[in-house]
Structures are given as structure tokens and as C-alpha cells.
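Asker: Based on these hints, arrange chain B on the given structure of chain A.
Protein chains: 2
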Amino acid sequence: MSKIKVVENILHTNDEITSQNKRLLNEKGIYVINMMSSPGSGKTSLLERVILKLKDNVRIAVIEGDLYTTKDAERIEAQGVPVVQINTGGACHLDGKMIKGALDSLNLDNVDLLVIENVGNLVCPAAFELGEDIKITVLSTPEGNDKPLKYPRMFENSGAVILNKLDLLEFTNFNKVEFYQDINSLNAHAIIFETSCVREQDQGVEELCTWIRQQINNK
Amino acid sequence: MSKIKVVENILHTNDEITSQNKRLLNEKGIYVINMMSSPGSGKTSLLERVILKLKDNVRIAVIEGDLYTTKDAERIEAQGVPVVQINTGGACHLDGKMIKGALDSLNLDNVDLLVIENVGNLVCPAAFELGEDIKITVLSTPEGNDKPLKYPRMFENSGAVILNKLDLLEFTNFNKVEFYQDINSLNAHAIIFETSCVREQDQGVEELCTWIRQQINNK
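Line by line, the protein sequences are chains A and B. For the first sequence, my numbering gives the first residue as -9, with consecutive numbering after it. For the second sequence, my numbering gives the first residue as -9, with consecutive numbering after it.
Please keep in mind that the hints were generated in silico from the structure rather than gathered at the bench. Glycine included, every Cβ here is placed at the ideal spot set by N, Cα and C. Among the hints, erroneous ones may be present.
A few chain B residues facing chain A, derived, Cβ under 8 Å [said to hold, decoys possible]: (1) S28; (2) K61; (3) G110; (4) L112; (5) I124; (6) G134; (7) D136; (8) R143; (9) K155.
Chain A with its partners taken away, still in its complex shape (with noise of 0.2 Å):
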């Protein structure tokens, strides 16, 4: 038995259970994000101030995911609004069970807007499908704008691209001209939005927050 073989049973088999679980956020009307980066482009950061201005108006509930630790977990919760921790034990990325897993201990009747905050990995989670509406690829300015060519399928893939940390920028060689020429060469049809979190104010959110709301609208 070739690896390549194992490979595609894995993936089929998620497929499917991403299939069912896709069949279920529909019929609940859910708008399911996934939200992918590499570790440390500020996913976290940024979804704590989107639920801040989106949450008296949007009923959102968040999977995260990560490694061993619940540290981002307890910052959403401490937001106010209904958070599952997956542990992947090590695993490299967010599969379909994992999810069902998630989805089985949350409350679809009473939710809009579902955020899946990935494992913080620039490389495999690209490769599997969680049953969202959208892929939103997290790039932050200190990590340079060679990243999309090198890690070209996750922001192929992605609807949306977020660049964070803009506050850092100027401190950085970052090349925004060859970064959206990349983007484009990569993915014509991906939107893309600049941000930053800093603690004082933040530039960006409220325009990603009027998209994300208008996207729940269509679903």
C-alpha cells in the first residue's frame, strides 16, 4: 500500500463527514468561516475585536483549534459568546470529525455566524475541506510578502485574505505593490482587506465586519 493511497482514504473520508456536516450548518442557515494562518499572524487577536462590534447583532459561536492548550479558547470566551476547544493531540490541522465532535456540543439553533479558528499552519490545513462557506487566509506584515508564492494553495483557495499587523508595516520590508500583484496572480476573485489590532484602535475591522455581515445576509 503506496502513502499516496492512505492519503486519499483520509481525504475521502473526511469528505464525507464534511459532507454531513456541511448538510447541517445549511439547514440551520449558519454562515461557517474558516480561518486559516500561519502561528502568530494575529487570527485571534482579530476575531476577538470582530466579535466585539459584531456580536449585539450576529449570534456567533467559535471552534478553535489548536495543538494541546486552550489559551485562545479562554480569550473568546472571554468575549462573551459560546467557544468549543479541539485538541489536536499534535495533529497538524482541523479535520470533518474533529468538527462534528465540535458541532455535536454546540447549540446550532441560536447561531448566525460560526468562526472555526484552524491550527496555525500555513501548509496542511489548506488540504482539508471543514464544510465552511469561506476560507479566510491571515497574513501578517512582519511575516513578508514572499509567503503567498511560497505557500501558494491556502490563499488559492481562500475567498477572502486578510493582511494583519498593517501598524507594523513601516518597521518591515513588507511590499505591499508585490504583495496584491501576487495575490491576484494567485486568485483574481479573492477579496482582500488590510488590519490591525492594536490595543488602542484598530483600522480595518469594521470594513471586514460590514463584509462578513453582508455575506451572512446572502447566505
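Answerer: Then chain B, alone, in the frame of chain A:
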């Protein structure tokens, strides 16, 4: 056949090839560093600085791991040292077989130090031995000080940890006290370096190079 058994088989095969690689590298007296981190922590920039400081007295070769591109290898080649690019074709880590192929195309009689720059990924590369003498994990300040506890395996297995992008420390909420506590709790024997590679001046790279020279001499 369960998933777990397959993973064991892959790792078993990897270990066999890696043992052969390690014997060859030991025969040649080459000190081997497996350099790992998230995408965008600054591995390549750091390596450029290290090469610049060491290359007059140390014969260096580099193996560059990337999913598809040769961007990093081109940067290293510009430093005037032999470099081999491994493109994993989307795979999330380097393994023994890939390293064997790369070693076959290097003249190992003219090498004192071999640096393997792994695929940017804080999860998967930690599980694959490459025949190295030491694993070095690089973390950059914008990624956040919570990363060692969130991605422990890589930090547990590393003989050295490099905290890079010190120049951005003041603009982030990175907590150095917690970082040192966490590394100490995961891996009390790891030596920690603090570095910065901004264009005008670097920081900590001389100390890192002094230590690498000692490691080479002690082999």
C-alpha cells in the same frame, strides 16, 4: 490498516534512511543544523547573516526546503556557498529521503557545516529526524510569546532556540520573561539566543556564530 500504523511505517522508513545519512555525515565530520520555524520568522535572513560572518573560516553548504519555489535558495546562493533546493511539492516537512537526494548532489568532502532550512511550519517538521546534530527553532517576536507552549514539540526537541526580530519587540506585546519561563519549563537544556537582522546592523548574530564555531570544533 489504521492511520496510526501507516504513520509508524513512514517514520520507520524515514529513520532508516536518516541513519544512513547520519553515518555518511559523521564520516565526513560535518556538523549539521536542522533549522525550523513558522513561515516568516526570518530563518533565511538569519542564515544570510551567519554565512556572511562564518564563510571565510568555515566551509558551509545549505539545503533549502520549500514547497514549490527557489526564492530562499536564490538568496543563499547569492552568499557564495553551495546550496541545494528541495521542493516538497506541497508536503509540509523535509524527510530523510529528500535529504539523501540533496546530499548526493553536494561535494561533502568540502563541507564543515551543513545547514538544513526546513519548510516553514511550526508543527510537522518536529516529527522527522533528518540526521542533524542539532535542531534549532527560530521564533520571532511578532509571533507572540505564547507559541512555545502552543507548539511544544519543536521547542522540546531543540538544542537551541533563537528569538529573532528583536528590533520589533518594542512594537509588540511579546513578554520575554514568560518566554524564558516557558522555554525553561519545556526544555531546560536549550541555549537561547536573541537576534535581529535589520539591514543597518544586526544583533546577537556574532554570539550565535561563536557558539556555532564551538559546536563545529567539538564534533
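Asker: None of the hints should be skipped; say for each whether it holds.
Answerer: Now the hints, each set against the structure:
1. Taken as an interface hint, S28(B) checks out: its beta carbon lies about 5 Å from the nearest beta carbon of chain A, inside 8 Å.
2. Proximity of K61(B) to chain A holds as hinted, the smallest CB-CB distance being about 6 Å (cut-off 8 Å).
3. Nearest Cβ of chain A to the Cβ of G110(B): about 7 Å, under the 8 Å cut. The hint holds.
4. With a cut of 8 Å, the hint placing L112(B) at the interface with chain A holds, because the nearest CB-to-CB distance is about 5 Å.
5. Hint status for I124(B): violated, given a least beta-carbon distance of 22 Å to chain A, over 8 Å.
6. Residue-level restraint check for G134(B) holds (minimum Cβ-Cβ distance to chain A is 5 Å; threshold 8 Å).
7. Proximity of D136(B) to chain A holds as hinted, the smallest CB-CB distance being about 6 Å (cut-off 8 Å).
8. Proximity of R143(B) to chain A holds as hinted, the smallest CB-CB distance being about 6 Å (cut-off 8 Å).
9. For the restraint placing K155(B) at the interface with chain A, the shortest Cβ-Cβ distance is roughly 7 Å, inside the 8 Å limit, so the hint holds.
When held up to the earlier numbered hints, the structure conflicts with hint 5 and nothing else.
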